Every structure is written in C-alpha cells, then in structure tokens.
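Engineer: Same order as they appear, the protein sequences are chains A and B. Each residue of the first sequence is one higher than the one before, counting from 84 in our numbering. Each residue of the second sequence is one higher than the one before, counting from 84 in our numbering.
Please note: incorrect hints may appear among the correct ones.
For chains that are exact copies, the list does not tell them apart, and a pair is met inside one copy or across any two.
Straight-line Cα separation of at most 27 Å, DSSO-like style, residue types lysine-lysine; simulated pairs [claimed, not checked]: (1) K353 <-> K287; (2) K353 <-> K165; (3) K227 <-> K319; (4) K132 <-> K284; (5) K104 <-> K191.
FYI, nobody ran anything at the bench for these hints, they're computed from the structure. Treat the numbers as computed from the prediction; the structure is a model and nothing was measured.
Protein chains: 2
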Amino acid sequence: MRINIIGIGLLGGSFAMGLRKTRPEFEFIGVEANHIHAQKAVDLGIVDKVLPLDEALAVADLSVLATPVNIIERLLPEVLDKLPAHGKVIDLGSTKQIICDKVRKHPKRSQFVAAHPMAGTENSGPDAAFATLMKGKTVVICEKESSDPQAVYLVESLFRELGMVIDYMNAVDHDLHLAYVSHLSHITSFALGLTVLGKEKDEKRIFELASTGFSSTVRLAKSSPAMWAPIFAQNKANVCQALDGYIESLQIFKDAIQHSEEHSYQLMEKANDIRRILSGIEKKSVNS
Amino acid sequence: MRINIIGIGLLGGSFAMGLRKTRPEFEFIGVEANHIHAQKAVDLGIVDKVLPLDEALAVADLSVLATPVNIIERLLPEVLDKLPAHGKVIDLGSTKQIICDKVRKHPKRSQFVAAHPMAGTENSGPDAAFATLMKGKTVVICEKESSDPQAVYLVESLFRELGMVIDYMNAVDHDLHLAYVSHLSHITSFALGLTVLGKEKDEKRIFELASTGFSSTVRLAKSSPAMWAPIFAQNKANVCQALDGYIESLQIFKDAIQHSEEHSYQLMEKANDIRRILSGIEKKSVNS
C-alpha cells in the first residue's frame with residue numbers, strides 16, 4: 084500500500100507516523116509546498132520522499148488531504164480529476180459542509196471519503212507530528228453514503244489501526260456541533276490572549292501571574308492562524324451563532340457578579356455539570 | 084513549630100502536606116467546619132488533629148487562613164483579636180484589597196501577612212490536596228510593610244521551602260492583575276461550559292466531540308462555586324472591567340470572521356504572542 088500525504092503537518096504527519104508503527108511495509112510519499120517542511124518530513128522519516136502532486140496521485144493507493152481547509156476546498160476537485168481508477172482520497176479538514184458541497188456532483192465523488200479526525204494540539208508543522216496523536220480520539224466520517232463502500236472500509240480500517248473511534252454525521256450537523264465544541268473554544272482562547280496582552284503591557288507580570296489557570300485556558304491561542312482563519316471563514320454562520328450564545332452567557336455572568344452573588348454561584352454550579360460529562364471522556368480515553 | 088490550618092482544602096491541605104515532607108518535626112493542627120473534611124484531613128495525615136478555633140489559635144505559632152475569601156474576610160479580625168502575642172497569621176486568599184482593608188487599623192495588624200500563593204487546580208477539598216501543588220509557582224505577598232519583619236521572614240521561609248518564588252505587590256495592583264490573569268480565565272471557562280451545555284442537549288455528542296481543545300479550555304468550569312463566587316464578589320469592579328474588555332475582543336473577532344478573513348488572521352497572529360511569553364513561564368517552571 085502506498086499512501087500519499089498532501090500537506091505534511093501536525094495531522095498529516097501524525098497520520099503517517101502512527102501507521103508506520105503498525106504497518107512498516109507501507110510506503111509513504113508526500114506532497115508539500117513548503118520546501119523546509121518537505122525536507123523536514125523526509126529527515127524525520129515521516130515520508131520516504133516528496134513528489135509533485137500529479138506524480139504522487141498517479142502512484143498512490145490513498146491520498147490524504149491534510150492541508151488547511153481553504154486549500155482542501157481548492158485542491159479536492161483537482162485531485163479527484165486526476166485520480167486514477169484504483170485511487171482513493173480522504174481529507175482531514177475541520178469543516179465538512181463546504182468541502183462536501185464542492186464535490187457533491189463530481190463524477191469520481193465515490194472515490195472520496197470526508198473525514199475529520201478530532202485530534203490536535205496548539206502546535207503545527209511536521210516537527211509537531213507524533214505517532215499517538217489520534218489514539219483514543221474520535222474521527223467523524225461525513226456523508227458515508229456518497230462514498231464507495233470499499234473506500235469507506237479502507238479508511239475506517241486505517242483509522243481503527245490508529246486507535247480511533249469512528250462516528251458518523253452529515254456535514255451540516257458536523258459543522259454545527261464543531262462550532263460549539265471546538266471552534267468556539269479556540270476563539271475564547273484567542274480573545275483571552277488578546278485581552279490580557281492588551282491590558283498587561285508588562286510581560287513579566289503575565290509570566291509571573293499565569294500559574295492559576297491562565298496557561299490552560301489560553302493554550303489554544305498559540306494555534307496556527309493559517310489553519311484557523313479558513314476554518315472560521317468556512318464555518319462563519321455557525322461560529323457566529325456560537326459566539327453570540329457565548330457573549331450572552333458572559334453578559335448573564337457579568338450581571339450576576341454585579342448584582343447577585345447567589346446567581347453567580349448558581350451559574351457556576353450549573354457549569355460544573357461539565358465535570359460529569361468530561362469525566363466520561365477521560366475514562367474513555369484511558370480505556371481505549 | 085505548630086502550624087494551624089484553618090480550612091483544610093486544596094490549598095491549606097497542600098501547604099501542610101508540602102511542609103510535612105521537608106519538616107517532619109513540625110506539628111500540624113487544623114480547624115474545619117465540615118465534619119467529613121475534618122475526618123478526611125486527619126485520615127490522610129494532613130493534620131494531626133482538628134480543634135475548635137479558639138483552642139487552635141491559642142497553641143499555634145502560625146495560623147493559615149485557607150478558607151474561601153468571604154470567610155477569610157469575616158474570620159480574620161476575630162482571629163487577630165484572639166491571637167496570642169507570639170502568634171502569626173497568614174491568609175491564602177485570591178483577593179487582597181478587601182481583606183487588607185478589613186484589618187488595616189487592627190492593633191495586631193503586624194502579626195498578619197497577606198499572601199496569595201498562585202497555585203490551584205479545578206478540584207477542591209482535602210482529597211484534592213497534594214504536596215507539590217505550590218512547587219515552582221509564584222506567591223504574592225501584599226503590603227509587606229504593614230507586617231512585622233519577623234512574621235514576613237517566617238512566612239517567606241516557609242513558602243521557599245515549598246519551592247515557591249516570592250513576589251511583592253500592593254493589594255490594589257494585585258486585585259487588578261489577578262482579574263485579568265486568573266479571574267477572567269475562570270469566567271471564560273464557566274461561560275464556555277454554560278454555552279455548550281445549553282446548546283448541546285445531547286451529552287454523548289459533547290463527550291465524543293470534546294477532544295479538540297474543548298477539554299482544556301473548559302477545565303476551569305469544574306471549579307468550586309463556593310470558592311469562586313466570593314472572589315468575583317470581592318473583586319467585582321476589576322472583574323467586570325476585565326469582562327468588558329474580553330467581550331469587546333470577542334466582538335472584534337466576530338466582526339473579523341464575518342467580514343475579513345485577513346483581519347481574523349491578523350488577530351490570531353497577535354494572540355500567538357502569548358506563546359513566547361508562556362514558553363518563558365514553562366521554562367521557568369521546569370528549571371525551578
């Protein structure tokens with residue numbers, strides 16, 4: 084089996100590194116526009132070689148689109164156009180609706196599987212990749228019925244080898260859920276970073292005072308703008324709806340802090356329910 | 084040396100457990116209104132015994148007020164009234180202005196040192212305490228000049244034994260900085276929890292989708308309302324100012340997502356600066 088990683092960064096690189104562990108017989112090739120990343124990906128042994136897109140597509144059994152979502156949107160139709168009959172392609176993008184819509188009527192649509200492995204860190208590039216990134220996490224497959232069953236079988240088998248749990252959704256639901264559970268988290272963190280950087284001109288102070296919870300809530304503010312700007316743009320309507328809800332929650336909280344300690348207590352008690360739900364997740368991660 | 088922990092929870096318990104490691108000769112006693120916590124604190128070996136407040140104050144060299152800040156505000160004048168001449172008292176509260184103001188003119192003010200060890204987790208109670216909680220973290224001493232130098236020397240020595248870095252601030256500055264760097268983080272997280280719980284009625288969905296960053300940004304939403312409601316109430320003006328700035332940042336972000344992907348990119352690039360500042364912090368924690 085020859086797997087072609089298009090965009091050898093955190094996600095694409097980790098996908099290859101994870102499979103290399105269980106499948107040393109697989110060959111990994113890559114397509115990478117950034118020459119420094121391309122060289123690093125070879126040096127780190129993530130891929131055996133980097134090829135031009137057309138050559139890589141011609142020889143690969145499976146091509147993995149792991150670029151930012153705006154590039155996936157642009158490349159996917161071209162990749163399908165050039166895909167040989169035996170070839171299959173998946174994307175790993177964090178949005179699904181625009182990407183699925185883009186190729187809905189493509190004659191080779193069934194050779195494509197839309198996937199979103201829900202794993203990541205605030206770091207990016209091939210240096211950030213590691214073999215166990217996806218282990219124990221969920222991958223969402225969207226619009227499974229539009230893909231060839233053999234392609235779905237192959238892709239699911241590979242994600243299972245990486246230790247992932249498979250989930251199915253339509254692309255519209257996926258993008259709505261992700262706006263709340265992932266995209267909003269990133270915005271809350273970016274905005275927290277901006278607010279504190281704007282107020283605390285003295286960096287040493289931030290540095291000294293940041294031990295009480297700030298580091299973890301602001302962690303995602305380190306994430307790559309090249310990855311996230313296109314995600315927010317593609318999922319604009321859902322993200323703005325989630326942001327409106329979040330701003331409303333903040334205003335309710337502010338009002339409670341100003342006028343009723345009892346109400347502020349009750350709001351926090353309600354939010355505490357997240358502990359019960361997440362302790363389920365933590366248990367699941369440990370067991371899987 | 085006999086140390087008296089008033090409120091044997093995460094912070095007071097960890098203070099005792101940390102010192103027990105380096106100072107097995109110290110005696111630790113405690114005052115605890117919650118009978119289950121009192122029994123647990125003895126069972127876990129955090130304190131040797133639990134006493135009524137008056138008895139504990141009479142025999143302790145140092146009393147440590149480690150209750151929620153509203154209880155500190157109420158108890159501190161009474162503790163000072165009853166403090167024997169050799170006794171010293173510190174508080175570990177997350178707000179400082181109201182607490183310092185409360186005893187500014189107390190005849191025994193110099194026997195009190197106002198301290199805020201900036202360490203914590205989202206968990207509470209004696210079960211949550213552990214010996215290394217404060218290691219490598221910063222403790223802020225406020226209004227040092229109002230405390231007896233011997234009391235300051237004792238308290239600083241103990242915090243140094245716990246591996247803490249000492250910092251000084253006046254109470255007004257402390258509360259302003261903390262509103263941005265700690266209190267705001269907690270509110271962003273509580274509000275995120277409320278928003279997602281409000282929208283995602285299907286808990287299984289939250290559970291499945293929460294791997295991409297949500298868990299870390301929402302972690303603080305598990306924090307104790309009994310601890311945080313009084314902090315927000317005592318630091319109301321600063322916290323509301325910080326919240327206004329944060330809501331403004333979110334609105335700027337939302338506007339950028341709606342109208343200009345380039346602007347949204349630039350905002351994230353600016354927020355990324357937090358990586359440089361926090362990598363300094365991480366280095367410091369590793370080294371100390």
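Engineer: Checking K104 and K191: alpha-carbon separation at most 27 Å within a copy, between copies, both or neither?
Structural biologist: neither (31 Å within a copy, 67 Å between copies)
Engineer: One pair to classify: K227 and K319, alpha carbons no more than 27 Å apart. Within, between, both, or neither?
Structural biologist: Within one copy only: 24 Å inside, 51 Å across.
Engineer: Using 27 Å as the alpha carbon limit, work out where K353 and K165 are close: within a copy, between copies, both or neither.
Structural biologist: neither (53 Å within a copy, 39 Å between copies)
Engineer: Pop the pair K132 and K284 into one bin, within, between, both or neither, using alpha-carbon distances up to 27 Å.
Structural biologist: neither (46 Å within a copy, 47 Å between copies)
Engineer: If the cut is 27 Å between Cα atoms, do K353 and K287 qualify within a copy, between copies, both or neither?
Structural biologist: Only across copies: K353 and K287 sit 18 Å apart there, 35 Å inside one copy, limit 27 Å.
In summary, the numbered hints that this structure violates are 2, 4 and 5.
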